[in-house]
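K.L.:
Converting from the sequence shown to the working numbering requires adding 2 to each position, the first position being numbered 1.
Check before you lean on any hint, since a few could be wrong.
Have a look at the derived ranges for each label pair, beta carbon to beta carbon [claimed, not checked]:
| id | residue 1 | residue 2 | range |
| --- | --- | --- | --- |
| 1 | Leu243 | Ser55 | 30 to 38 Å |
| 2 | Glu47 | Glu166 | 52 to 60 Å |
| 3 | Arg221 | Ile252 | 30 to 38 Å |
| 4 | Glu71 | Val222 | 52 to 60 Å |
In case anyone wonders, no lab produced these hints; they're calculated from the structure. Where is the CB? At the ideal position from N, CA and C, for every residue including glycine.
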Amino acid sequence: MNLENIRIVLVNTSHPGNIGGVARAMKNMGLTRLYLVEPRQYPDERATWRATSATDVLDNAVITSTLEEAIGDCQFVVGTSARSRRIPWPLLDPRACAGRMAEVSDREQVAVLFGREDRGLTNDELKVCNLHLNIPTSEEYSSLNLAMAVQIVCYELRMLLDAEKLPATEDDQWDTPFATRENMERFYTHLEETLVDIGFLDPAAPRQLMARLRRLYSRVRLDEMELNILRGMLTETQKFLPRDEAGKVIDPQAK
């Protein structure tokens, strides 16, 4: 995928702050090419303020008076649409659509069109698109801010670009090896001894305590460093227990 071949096109945006918000959303995800079709108020300091550290995206934005100028050199055009149309059009969600854009962006110019804040893209504007994109939302409140909508689309593109760098599981990048079964058994023995010593566990009526603790620690998956910390805590706890002259821990339950 080549993000340099993907442009974000805002059509007739009414509020300059939204333009700045879009620039920031784009830069967060590594997209830099912004086209503005007949913005109602731009340039404007509110756009610069909302862009924060993405003013370079604004500075390089291309302003056109017509949609044709903004997408004339594009081979693949995606139009965002919040509602169904009388004539069905190829329609995908952001994730699947990002996949299609990624496929063609290495060899083609791609444009993603976002319409006006109050009514989106017109039917005529959507007709020039190869594909329509719809962002699923709650039926109770389906309105998305323009910058939020752009962020969602750009995020899906970023996820595809970084797919090979992302961890496949939650512990792919763990810094310490996970505890071996042998060491875990040593820990459980140490834990049981300590619980008996402090009177928390009655060997005569264990009530499945150790089984439940085994289940707890198995679910957590301790690494070797964490295991050593817990073993150290148990050892220090045992040092404070009262002992008889032979060094044996005095049973706290004994009368």
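K.L.:
Are the hints correct? Go through all of them and say.
P.N.:
Hint-by-hint comparison with the structure:
no.	hint	verdict
1	Leu243 - Ser55: 30 to 38 Å	58 Å, violated
2	Glu47 - Glu166: 52 to 60 Å	41 Å, violated
3	Arg221 - Ile252: 30 to 38 Å	34 Å, holds
4	Glu71 - Val222: 52 to 60 Å	59 Å, holds
The earlier numbered hints that this structure contradicts are 1, 2.
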